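Which chain is which? The protein sequence lines are X and V, in order. If you're matching positions, the first sequence starts at 1 in the UniProt record's numbering and goes up one per residue. If you're matching positions, the second sequence starts at 1 in the UniProt record's numbering and goes up one per residue.
Read the hints as simulated data drawn from the structure, not as lab findings. These numbers come from a predicted model, not from an experiment. Do not rely on the hints blindly, as some may be mistaken.
Restraint ranges, calculated between C-beta atoms of paired labels, are given here [to be verified]:
1) V/P11 with X/S151: 24 to 30 Å
2) V/T36 with X/L62: 39 to 45 Å
3) X/R109 with V/K12: 21 to 27 Å
4) V/P11 with X/R109: 39 to 45 Å
5) X/S151 with V/E13: 22 to 28 Å
Chain X regions said to be covered by chain V (calculated; three or more residues, Cβ under 8 Å) [what the hints assert, rightly or not]:
6) 37–43
7) 48–58
8) 124–134
Output of the computed footprint for chain X on chain V, the stretches with three or more beta carbons under 8 Å from beta carbons of chain X [unchecked claim]:
9) 6–14
10) 25–37
Just so you know, even glycine gets a beta-carbon here, dropped at the ideal spot from N, CA and C.
The residues making up each chain are set out below.
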Amino acid sequence: MAPKKNSAKRPQPSTPKPSAPARIVKVQSSDGHILQADVRALLLSSTLAATIKGYDDENKPLEKLEVNNVVGFTLKLVLEWCEKHKEDDPAIAQAEKDKKNIFIPSWDRHFLTKLPMGNLFDLITAAYHLDITGLINYGCKTVANSAKGKSTEEMRELFGIPEPWEQPSTSTATWDD
Amino acid sequence: MDPSPCLEDMPKEVKENMLKWCDYSSVIALGKTCKTWHNFIRAPDHNLPILAINLKCGKNSYGMQVMSTVPFENIIDLNYVTLEYKQDAENNNVTRCPDVNWESPRTTLEFILLKSISKDFTIWSDNIGISKASLSLLYGESVDLQCSL
Chain X
1 MAPKKNSAKR
11 PQPSTPKPSA
21 PARIVKVQSS
31 DGHILQADVR
41 ALLLSSTLAA
51 TIKGYDDENK
61 PLEKLEVNNV
71 VGFTLKLVLE
81 WCEKHKEDDP
91 AIAQAEKDKK
101 NIFIPSWDRH
111 FLTKLPMGNL
121 FDLITAAYHL
131 DITGLINYGC
141 KTVANSAKGK
151 STEEMRELFG
161 IPEPWEQPST
171 STATWDD
Chain V
1 MDPSPCLEDM
11 PKEVKENMLK
21 WCDYSSVIAL
31 GKTCKTWHNF
41 IRAPDHNLPI
51 LAINLKCGKN
61 SYGMQVMSTV
71 PFENIIDLNY
81 VTLEYKQDAE
91 NNNVTRCPDV
101 NWESPRTTLE
111 FILLKSISKD
121 FTIWSDNIGI
131 SKASLSLLYG
141 ESVDLQCSL
């Protein structure tokens, strides 16, 4: 059957807004690396957004955010993705959460597919801990795309699943045992 | 966070998200990689991307076909996984013949054809929530049956 075009609209970048002066804060990874990031980029993470809001509500100066469950290398990738998407309309990622199909923009596709699978898993796991919906969706779909057409053995190799699993061989075993 | 998580160690929500984008052939192949994924996929309510299950009943043979989508970029293609069950008229042996490379044909001895197919069907119904009424139709009718989900 010939493939048919998906009628789902591609996410459109939000209308450019008048640029406010960047508010830069330090972000510290679990292994002690200190990076810098624009607060607008950090707000893509619901977890960090709540922390930042807490500081703002109490009028406390926000000098450094500690991210205790993400290592420096992965945090740098997370911040790179967030920096690229800091102007995005947050409603796009939320709307995509329940869609049956999403389009991965070319920058994201390039960014995610160039990563070794282990780094991609780290990035998705970090996005999960930091609750970054768009990055979780794009990351998971990139992993699913890489599995397309692969046999069980090829998937083991691709995803680093260690040992072949002995499947039941009894005469009554069903086809997907 | 573990410095190098494996796919099987990812959080449940991440696994579910990933399955959402997989076609059914990938889901089945993934379920055969390790026990963790096997058990995860066999658990109900993962919203597997199944559009329909077609059952075709013929003389001494049945076919079961699962249709699913392949959401790949901006293209939606259909993915089919077909199983055929053939019964040897002389000795009643049943052979299951999948059409993809994740399993070789397997013959069971002295096994009832409908029992074999119903066991597979029950697994799908557990996974994707087909009503038991659909299963009883399988027993009662010898005609093509399509269960659209």
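Original post:
Going through the earlier hints one by one, which of them does the structure break, listed in rising order?
Top reply: 4, 6, 7
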